[in-house]
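Residue numbers (our numbering), protein chains in the order written: chain H, 46 to 279; chain L, 199 to 352; chain Y, 2 to 125; chain X, 6 to 79.
Keep in mind the hints are simulated off the structure, nothing from the lab.
Don't take each hint at face value.
Covered stretches of chain Y (chain L as the covering partner; in silico rule of three or more C-beta atoms under 8 Å from a C-beta of chain L) [said to hold, decoys possible]:
#, segment
1, 50-64
2, 79-87
3, 94-108
Simulated DEER-style distance windows between Cβ atoms [unchecked claim]:
#, chain 1, residue 1, chain 2, residue 2, range
4, L, Lys302, Y, His33, 29 to 37 Å
5, Y, Arg11, H, Ser173, 42 to 50 Å
6, Y, Arg124, L, Glu209, 40 to 48 Å
7, X, Thr61, Y, Glu54, 45 to 53 Å
8, H, Gln103, Y, Gly20, 26 to 34 Å
9, Y, Glu54, H, Ser106, 40 to 48 Å
Bear in mind that the values here come from a model prediction, so they are computed numbers and not experimental data.
All C-beta atoms in this analysis are idealised placements derived from N, C-alpha and C, irrespective of residue type, glycine included.
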Amino acid sequence: MSDKTNEKNKLETLEKRVQELEKENAGLKATLEQEAQEHEKVSMDLAIGLSEAFVVLQKISQGDFSVRASEDVENELLARLGVVINRTNDALSAAKAQTQNMIKELATPVIRVWDEVLVLPLIGTLDSQRAQHVMETLLERITKDGARIVILDITGVPYVDSLVAANIAQTMEAVKLVGAEGMLTGIRAQVAQTLVKMGVKITGVETKSNLAEGLKEAFRRLGVKAIQEKQPGD
Amino acid sequence: MNGSFDIISEEDVLHAGNEISRLTREKGFSILDRIQIRTAFSELARNMVVHAGGGKVQYTLLDDWGLQLVFEDHGPGIPDIGKAMSTGFSTTKSMGLGLPGSKKLADDFHVVSKPGEGTKITFFRKIRNDQVNNKNEGINNGQRHDFSRGERNG
Amino acid sequence: MAELSFLTFRGNIIVALHGEMTDSSVRNFQSHLLEEIERIHARGLIIDISALEFVDSYMARVFVETAKMAQLMDTRTVLVGMKPEIAITLIQMGLSFEGVFSAVNLDRGLEILEKERARKRGRR
Amino acid sequence: MAVKQLDALGIKCPQPVLKIAAMLPDMKAGEILEVVADCPTFEKDVRNWCQRLKKTPLWFRDEGGGKVRCQIQF
Numbered sequence: 046m047s048d049k050t051n052e053k054n055k056l057e058t059l060e061k062r063v064q065e066l067e068k069e070n071a072g073l074k075a076t077l078e079q080e081a082q083e084h085e086k087v088s089m090d091l092a093i094g095l096s097e098a099f100v101v102l103q104k105i106s107q108g109d110f111s112v113r114a115s116e117d118v119e120n121e122l123l124a125r126l127g128v129v130i131n132r133t134n135d136a137l138s139a140a141k142a143q144t145q146n147m148i149k150e151l152a153t154p155v156i157r158v159w160d161e162v163l164v165l166p167l168i169g170t171l172d173s174q175r176a177q178h179v180m181e182t183l184l185e186r187i188t189k190d191g192a193r194i195v196i197l198d199i200t201g202v203p204y205v206d207s208l209v210a211a212n213i214a215q216t217m218e219a220v221k222l223v224g225a226e227g228m229l230t231g232i233r234a235q236v237a238q239t240l241v242k243m244g245v246k247i248t249g250v251e252t253k254s255n256l257a258e259g260l261k262e263a264f265r266r267l268g269v270k271a272i273q274e275k276q277p278g279d
Numbered sequence: 199m200n201g202s203f204d205i206i207s208e209e210d211v212l213h214a215g216n217e218i219s220r221l222t223r224e225k226g227f228s229i230l231d232r233i234q235i236r237t238a239f240s241e242l243a244r245n246m247v248v249h250a251g252g253g254k255v256q257y258t259l260l261d262d263w264g265l266q267l268v269f270e271d272h273g274p275g276i277p278d279i280g281k282a283m284s285t286g287f288s289t290t291k292s293m294g295l296g297l298p299g300s301k302k303l304a305d306d307f308h309v310v311s312k313p314g315e316g317t318k319i320t321f322f323r324k325i326r327n328d329q330v331n332n333k334n335e336g337i338n339n340g341q342r343h344d345f346s347r348g349e350r351n352g
Numbered sequence: 002m003a004e005l006s007f008l009t010f011r012g013n014i015i016v017a018l019h020g021e022m023t024d025s026s027v028r029n030f031q032s033h034l035l036e037e038i039e040r041i042h043a044r045g046l047i048i049d050i051s052a053l054e055f056v057d058s059y060m061a062r063v064f065v066e067t068a069k070m071a072q073l074m075d076t077r078t079v080l081v082g083m084k085p086e087i088a089i090t091l092i093q094m095g096l097s098f099e100g101v102f103s104a105v106n107l108d109r110g111l112e113i114l115e116k117e118r119a120r121k122r123g124r125r
Numbered sequence: 006m007a008v009k010q011l012d013a014l015g016i017k018c019p020q021p022v023l024k025i026a027a028m029l030p031d032m033k034a035g036e037i038l039e040v041v042a043d044c045p046t047f048e049k050d051v052r053n054w055c056q057r058l059k060k061t062p063l064w065f066r067d068e069g070g071g072k073v074r075c076q077i078q079f
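Chain H with its partners taken away, still in its complex shape (with noise of 0.2 Å):
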C-alpha cells in the first residue's frame, strides 16, 4: 500500500517536471523564434540599408550629386553610413563646384595692366558658352574698376565659328554700351575669314595686329609715354 502510494507519488512528481519541462520549452521555443524574427528583421532592414546605400554611392560616381542618403533610420550603423556618405557627397560636389569656378576663372583671364585699362587675352578654342562668360566677367570688370580701355587678344584662338564671331563683336558693342573704349588685338587669318564670310561686323572698335600694339595704341590714348632705352631699327 506505501508502496503503491511512494510509486504514485513518484509519477505524479515526475508528471508534473515533465509538464514544467514542457512549459519551460514552449517558452524557450518562442525566445527562440523571437530572436529568429528579430534577426531577420535587422538583417533585412541591414539588407535594404545597404541597397540603398549602393544606390546612393552608384549615382555619386557617376557625377550626380544631387542625391542624398537616409540619415534618419532605426538602425544606426546605417544612420551613421548615410551621414558620412552625405558628407562625403558635399565635400565632393563643393570641391567640383570649385574646380569649376576655378576653370572659369582661369579661362577668363582679365588683367589690369595699367590704371584704367584691362586686357584679356583668350587662349584656346571658343564655344558660345565660354564667349557668354567671357562677355559678362569683362563687363563686371569694366563698371567695377572704371576702366577707359579694353584690349581683347584674341592671339590664342585659332579658330571661331558663326556664333563666337558674332559674340565677340557683340562683346565690343557692350563695352561700348557701359562706356570703355574697345579694342581687338592678335586676329588671326581663318578668324579674320570667319568674321568676314559670315558678315559680322565689329563697328566701332580699334583692331591692331598684336597686344604689343593694342598696348602702344591704349597709352597714346591715355597720354601715357613708356620710355624705351635703346630702339632696335626704327
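With the hints as your guide, set chains L, Y and X onto chain H.
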C-alpha cells in the same frame, strides 16, 4: 508655382513686371536672367497693350527648370508672323524689336496668331544660376533623387 | 514715375532716372528734357541710368532718339552707368546705339562732354 | 538585353536579398535579374526589398521542393 496677370494699361505692364522680378529674385535666378526676363516681359506685355488693347499673362515658375510666360490676347492678330519676327519690322512704335528681341532672350519661343482672333506667345527661360550649373544635367535631368520622394527606374 | 529733377552743371544738364517708367513717362521725360535743353541752351546732356532695373527696346529707342534730337540742338548726350547685364541684354536683342556716347560714371561722362567741346572749338 | 542570373540556392534569408543588393552596381536601369532561391521567406523579402528600392518584381514561380524563381527589373 503659377499665376496670372491681366494686362490692360501701361501701369499693369509695370506692376506685373515688378511682380515677375520679385518672383525670379526669390527663386534665385541670376541678375542677367532676371534682367533679360524682365526686359522680354516688358516687350511682350507692351505689345499686348499697344496692338490688342490688353490681354492676359500666365506664368509658371518651377525649381530646377525655369520660367514660362504665356501672353494671350484677343486682338487683331499678327498677319505675317515671319515678317513680324524679322528685325526692323514694326507696325507702330518701338524699334520693331519687341518680338524678335524677346525671342533672342528666350530658350524657347513660340508664337501662334490667328488674324481676327488673337495672339498667343509662349516665352520660356531656363534657370541657369550657378547652383544649377554645378549639377550634372545629363544624368538627372535636373531632378533630385531622394528615396523619400520616390524615384522610379525603368 | 517719380518726378524728374534736372541738375545743371557747367552748362550741362544731368538727369538721373530711377525706379520704373511707363511708356508715357518715358515720352514725358523726352519732351521735358528737350524743353530744358532749349531753355538753358545746354551744351551737354548726361542721362544717368545706373539706378534703372532694366531698359527695354522702347526706352532704348527713346534714349537714342533723344540723343539725335539733342544733337540737332547742338547738345551732346552721354548715357552713364549702364549695368553690364542691361548692356548684354540690349546687344543680344540686336539694338544699336550708334551716335550715343556712353560712360561708366558721371565723372567720365563730364570728361567726354569736355573733350567733345574742345574738339568742336579746335575745329572752328 | 540579356537577363542576368543569380543562384541563391542553399542559403538562408536574408542572404539571398543581400546577394541581390550586391548586384546593384552592375545593373543598369531597366535591366532584368533572374534569381532562384529555396529559403522560405524569399518571396516576402524580395517583394519588401523591391518596394523599398523602387524596383519592379516581374514574376515569382514556385518550382516545387521549396524552390522559388523570380525576375526583377532594375
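Do at least three Cβ atoms from the segment 79-87 of chain Y come closer than 8 Å to Cβ atoms of chain L?
Three-residue rule met by the segment 79-87 of chain Y, so holds; n is 3.
>> 29 to 37 Å was suggested as the range; check whether the CB atoms of Lys302 of chain L and His33 of chain Y agree with it.
In response: Given a distance of about 32 Å, which is inside 29 to 37 Å, the answer is holds.
Checklist line | Verdict for Gln103 of chain H, Gly20 of chain Y (Cβ pair) under range 26 to 34 Å | finding: 53 Å, violated
Given coverage of the segment 94-108 of chain Y by chain L, checked by CB-CB distance under 8 Å (3 or more): holds (count 3)
Open item on the list: A range of 40 to 48 Å was offered for this pair. Does it hold for the Cβ distance of Glu54 of chain Y and Ser106 of chain H?
Closed with: 44 Å, holds
Could you check the hint for me, namely that Arg124 of chain Y and Glu209 of chain L are 40 to 48 Å apart, CB to CB? Check passed, 47 Å falls within 40 to 48 Å.
Can the suggested window of 42 to 50 Å be confirmed for the beta-carbon pair Arg11 of chain Y and Ser173 of chain H? About 45 Å separates the Cβ atoms of Arg11 of chain Y and Ser173 of chain H, which means 42 to 50 Å holds.
- [ ] Look at the Cβ atoms of Thr61 of chain X and Glu54 of chain Y and judge whether their distance stays inside 45 to 53 Å.
- [x] Distance hint for Thr61 of chain X, Glu54 of chain Y holds at roughly 51 Å.
Checklist entry - the segment 50-64 of chain Y covered by chain L? Criterion: 3 or more residues, Cβ-Cβ distance below 8 Å. => result The restraint on the segment 50-64 of chain Y holds, since 8 of its residues have a Cβ under 8 Å from chain L and three suffice.
Hint 8 from the list above is the single one not met by this structure.
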